[in-house]
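Read top to bottom, the protein sequences are chains E and H.
Following this note's numbering, the numbering of the first sequence begins with 112 at its first residue and continues without gaps.
Following this note's numbering, the numbering of the second sequence begins with 178 at its first residue and continues without gaps.
Calculated directly from the structure, the hints in this document are not laboratory data.
Be a bit skeptical, because a hint or two may be false.
Unchecked claim - Straight line, CA to CA, 25 Å or less: simulated DSS-like cross-link-like pairs of lysine-lysine:
| id | chain 1 | residue 1 | chain 2 | residue 2 |
| --- | --- | --- | --- | --- |
| 1 | E | 416 | E | 346 |
| 2 | H | 226 | H | 205 |
| 3 | E | 687 | H | 216 |
| 4 | E | 397 | E | 346 |
| 5 | E | 416 | E | 722 |
| 6 | E | 722 | H | 226 |
| 7 | E | 687 | H | 205 |
| 8 | E | 414 | E | 346 |
| 9 | H | 183 | H | 216 |
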Amino acid sequence: MGVTTYALLLAFAAYGGFRAIAYSDVSGAAELAVAGLAATLLERDDRRMKAALALVTAGLLAVAAARVPSSIPAVIAASVLAFGFRERTREGNSEALREVTDNVREAFFILSADFSTVLYASPAFVGIWHRTGSDLGSSGADWRSTIHPLDRARMEYACEQAAADEEPLDEEFRVIRPDETERWVWVRAFPIRDADGAVRRNAGIAEDVTSRKEAEIELAIARDQEMSIGARIQKRLLLEEPDISTPGFEIGALSLPSQRIDGDFYNFFSFEPNTVDLLIGDVMGKGIPAALVGAGAKSTFLKAKVNLLLGSRSSIPKPVDIVREAHHHLVEELIGLENFLTLHYLRLDGRTRELQFVDCGNTPLVLYRSRTDSCWTIKGSNVPLGFLRNEQYEQFGVPLDPGDLLLCYSDGITEAENPDEGPFGEDRLLHFVRAHHGSAPVDLVQSLTEVLQTYVGGAGFRDDVTAVAVRVTGFAGESAGSTHTFAATFAELGSLRGFVRHEISRAYPSLSAPELEDSLVLAANEIFSNIVEHGAGNAEGIPVEISTRGDTMYLQMQYNGEEFDWVGHRNPEIEKMEERGYGMYIIEQLADSVVYCRDQRGANVVWLSKKIGVPSLQ
Amino acid sequence: MHVERKDDIRILTLEIDHLDSGNYTAFKSDFEELAGDAKRVVMDIQSLKFVDSAGLGSILSVLRALGERGGSLKIAGVTRPVEQLFTLVRLPRIIDMYPTVHDAVRAYQQ
Chain E
112 MGVTTYALLL
122 AFAAYGGFRA
132 IAYSDVSGAA
142 ELAVAGLAAT
152 LLERDDRRMK
162 AALALVTAGL
172 LAVAAARVPS
182 SIPAVIAASV
192 LAFGFRERTR
202 EGNSEALREV
212 TDNVREAFFI
222 LSADFSTVLY
232 ASPAFVGIWH
242 RTGSDLGSSG
252 ADWRSTIHPL
262 DRARMEYACE
272 QAAADEEPLD
282 EEFRVIRPDE
292 TERWVWVRAF
302 PIRDADGAVR
312 RNAGIAEDVT
322 SRKEAEIELA
332 IARDQEMSIG
342 ARIQKRLLLE
352 EPDISTPGFE
362 IGALSLPSQR
372 IDGDFYNFFS
382 FEPNTVDLLI
392 GDVMGKGIPA
402 ALVGAGAKST
412 FLKAKVNLLL
422 GSRSSIPKPV
432 DIVREAHHHL
442 VEELIGLENF
452 LTLHYLRLDG
462 RTRELQFVDC
472 GNTPLVLYRS
482 RTDSCWTIKG
492 SNVPLGFLRN
502 EQYEQFGVPL
512 DPGDLLLCYS
522 DGITEAENPD
532 EGPFGEDRLL
542 HFVRAHHGSA
552 PVDLVQSLTE
562 VLQTYVGGAG
572 FRDDVTAVAV
582 RVTGFAGESA
592 GSTHTFAATF
602 AELGSLRGFV
612 RHEISRAYPS
622 LSAPELEDSL
632 VLAANEIFSN
642 IVEHGAGNAE
652 GIPVEISTRG
662 DTMYLQMQYN
672 GEEFDWVGHR
682 NPEIEKMEER
692 GYGMYIIEQL
702 ADSVVYCRDQ
712 RGANVVWLSK
722 KIGVPSLQ
Chain H
178 MHVERKDDIR
188 ILTLEIDHLD
198 SGNYTAFKSD
208 FEELAGDAKR
218 VVMDIQSLKF
228 VDSAGLGSIL
238 SVLRALGERG
248 GSLKIAGVTR
258 PVEQLFTLVR
268 LPRIIDMYPT
278 VHDAVRAYQQ
């Protein structure tokens with residue numbers, strides 16, 4: 112009721128009063144009574160104003176009655192009319208409320224404090240439940256019996272919790288209509304408290320959300336279908352059974368998809384009977400897009416191999432050439448898709464027991480070495496495919512011995528999460544590999560996935576878990592190589608150089624390439640000097656091993672000390688006469704590859720490889 | 178290392194067969210002592226069959242010291258394995274090299 116209405120009624124009452132008092136006008140007294148009573152009786156929160164109005168009206172009426180005794184019956188009749196006006200107004204309010212409740216989609220309701228009984232339900236309930244509020248309230252049965260059996264227990268629990276905690280209820284559930292059809296309902300109810308703060312009942316609204324729920328369910332089904340398609344793509348296009356018939360190696364491979372496919376892939380390929388090429392990769396992102404990029408990358412590598420093979424006609428293409436060719440074809444596509452992939456391209460030569468590999472930002476390789484019963488990680492230095500247009504991928508070489516075991520894995524393994532223990536991590540993986548190095552690779556990867564499943568518990572894997580294990584077969588004593596341990600002092604450099612020259616002439620007696628020999632001697636000298644300078648705890652000496660694998664010579668030095676970056680050094684500027692920093696540059700320039708790896712106990716190994724060009728006698 | 182004088186040119190002849198992390202400090206002090214205050218120096222390294230990065234650094238060190246007092250250095254008698262290293266690090270860009278001491282001295286005199 113607005114202030115303007117009050118003012119009008121007051122003016123009307125004053126005019127009536129004036130006429131009754133001044134002219135003894137009976138109808139004026141009646142008008143005064145009607146207007147004054149209406150104004151005082153109307154709904155209004157301001158009690159002081161109502162009290163003031165009542166006093167003024169009563170005063171005017173008393174004076175009017177004294178002046179016009181004959182007006183008393185008219186005043187009584189007018190008062191009755193005024194009460195009637197108020198009642199009509201109240202009815203008008205109820206009407207307005209009814210119009211609101213009849214025309215909004217949400218149904219209003221009031222429930223008992225324990226949620227079991229419907230105390231009031233607006234007509235919109237009928238539209239949802241196809242039952243009236245009184246049906247629900249008067250049936251005697253709990254209204255929750257109309258809830259779908261699959262949702263009922265959950266709803267009853269939610270009601271119990273809300274009642275116990277005196278908290279709002281916010282739930283979605285299905286109701287069964289009398290004709291057995293189902294509707295999804297979203298209910299929100301809020302506790303209504305009395306003056307003491309106790310919950311007396313719950314008021315709330317219910318909304319029919321069937322359309323939205325059906326759309327959500329359709330979306331979920333579509334997602335399930337996407338997952339199923341992704342899983343099929345991964346199984347058929349990205350993964351395959353390894354060719355385990357390659358002489359010199361046993362291979363096991365396994366991939367467990369996560370809740371969403373994330374594009375792990377691997378591929379085995381044999382150019383000739385004694386070698387197997389392994390491509391193992393992981394595409395950024397998840398779902399069908401990642402699986403498709405993985406499938407595309409895999410086929411690009413296959414095309415690169417075929418192109419290079421057709422182009423050379425004489426020898427099989429080197430791993431680094433295959434990666435460079437594939438990179439050339441993939442990089443623009445990947446940059447355009449704002450995607451990238453990490454991978455390892457490995458070539459395992461069963462005849463020479465040699466590993467050649469190109470790393471493209473992938474997880475480190477794990478190498479178990481049988482001779483030292485130790486586990487090492489070999490970190491790469493190249494960036495993922497799709498990062499840089501002009502990346503120059505480099506190839507690295509490592510000699511293998513019988514009993515050695517190599518594990519390539521996706522980061523889904525080291526990042527597998529236990530709620531209490533955190534990620535599985537590299538250390539646990541190295542321990543696992545060292546403990547299981549004697550298992551057949553197929554059993555090893557199987558055990559690894561079982562260990563991981565136990566580790567993550569019911570949470571499942573967030574990323575695909577992919578592992579490929581390769582074991583070098585043969586007898587442990589078969590490896591050819593010479594080892595000599597040198598004291599960790601610069602005074603030993605001369606002896607070291609003599610040892611290297613001697614081993615070269617022993618392995619390649621007919622070699623007539625003094626520059627090649629000088630290169631190896633200088634590179635070995637630089638590595639040893641670096642170890643003497645930066646290593647620590649090498650009182651027992653530094654074992655230096657020289658071995659040959661086919662036409663490649665490998666020089667290995669093992670030492671203790673801090674982790675050291677053996678690759679990626681710039682050439683010092685000779686024009687500025689910088690006196691230091693040439694050693695690492697010289698090593699990189701003279702060696703075909705330098706591979707550095709480290710074990711869990713702080714021991715380090717550096718391998719230098721140099722292609723001699725002719726097969727060794729060993 | 179021994180020294181000869183020819184006019185104002187000082188000729189230092191190395192008598193070691195390697196210059197590496199083990200002996201480069203001795204080389205530097207011998208060089209500085211025998212070169213003295215000479216402005217024109219020829220270093221005969223015919224005996225050297227091996228130089229490593231530390232040895233290279235010491236040659237750059239004596240070259241820098243000479244340059245700072247207005248002197249210069251020419252190298253004579255570079256053997257094949259040593260030449261391989263010098264070429265790799267592009268040393269000929271900053272030091273003149275000659276097959277023999279005679280050639281180096283003549284270059285100073287012309």
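A quick look at each hint next to the structure:
{"no.": "1", "hint": "E:416 with E:346", "verdict": "holds (22 Å)"}
{"no.": "2", "hint": "H:226 with H:205", "verdict": "holds (18 Å)"}
{"no.": "3", "hint": "E:687 with H:216", "verdict": "holds (20 Å)"}
{"no.": "4", "hint": "E:397 with E:346", "verdict": "holds (15 Å)"}
{"no.": "5", "hint": "E:416 with E:722", "verdict": "holds (22 Å)"}
{"no.": "6", "hint": "E:722 with H:226", "verdict": "holds (23 Å)"}
{"no.": "7", "hint": "E:687 with H:205", "verdict": "holds (19 Å)"}
{"no.": "8", "hint": "E:414 with E:346", "verdict": "holds (21 Å)"}
{"no.": "9", "hint": "H:183 with H:216", "verdict": "holds (12 Å)"}
Violated hints: none; the structure is consistent with every hint.
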